[in-house]
Amino acid sequence: EDQVTQSPEALRLQEGESSSLNCSYTVSGLRGLFWYRQDPGKGPEFLFTLYSAGEEKEKERLKATLTKKESFLHITAPKPEDSATYLCAVQAKGTYKYIFGTGTRLKVLA
Amino acid sequence: DAGITQSPRYKITETGRQVTLMCHQTWSHSYMFWYRQDLGHGLRLIYYSAAADITDKGEVPDGYVVSRSKTENFPLTLESATRSQTSVYFCASSSSGIPHYEQYFGPGTRLTVT
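Protein chains in written order, with the numbering used here: chain Y, 1 to 110; chain R, 1001 to 1114.
Mimicking DSBU-like on lysine-lysine, the simulated pairs with C-alpha atoms at most 35 Å apart in a straight line are:
id, chain 1, residue 1, chain 2, residue 2
1, R, 1057, Y, 93
2, R, 1057, Y, 97
3, Y, 68, R, 1057
4, Y, 79, Y, 42
5, Y, 69, Y, 42
6, Y, 69, R, 1057
Here are a few chain R residues that sit away from chain Y, every Cβ distance over 10 Å (derived from the structure):
id, residue
7, 1008
8, 1026
9, 1070
10, 1071
11, 1073
12, 1077
13, 1079
14, 1114
Read the hints as simulated data drawn from the structure, not as lab findings. Don't be surprised by glycine CBs; every beta carbon is placed ideally from N, CA and C.
So here's chain Y without its partners, still in its complex pose (with noise of 0.2 Å):
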């Protein structure tokens, strides 16, 4: 069964305070996983895809990896902007269904 889950649940740091989200993964053929970034009372922000393990994208503060079995979002050096809650998802071969993870809430502090 395809599964997604998001570690910790919940983060806080200080303001400036570099740390990584994770993404654990089971999946029978990996299209895509997805990062999203979801503000209190709004829609997800898509983020990133990766496809393949060993592929990095970076925007800003965030840079996401990926291996087989898990991705890792790096927030570096984060403001408290930055506050929220992040989603992973992924998307088997053969269809365009996302499974999400109930994601990591991320608190920055000043």
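Fit chain R to the given chain Y structure using the hints.
Just chain R now, with coordinates in the frame of chain Y:
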């Protein structure tokens, strides 16, 4: 405005009533999706559509009906609302173009069934 919109943004209804949530996208994306988001469950797929007049069930379809007569619209109907359908509902769309499989989400509809 370009993008994906949902209406209404907030809805309160009574048990047993029929309610329809609307979704409209301006990108001419082939694929459209309906999710519900609940604490502890994350985003769960209700229904999806690959094109006009083509729809299929997701993970939690019971109690919901969809239609897609036009590419840009994908309404979700709760035929007889129940309290367990109280949730936040998100519509999303995706291009079918390789390799762009990312989904883009609307702002959500918060539905309360009393």
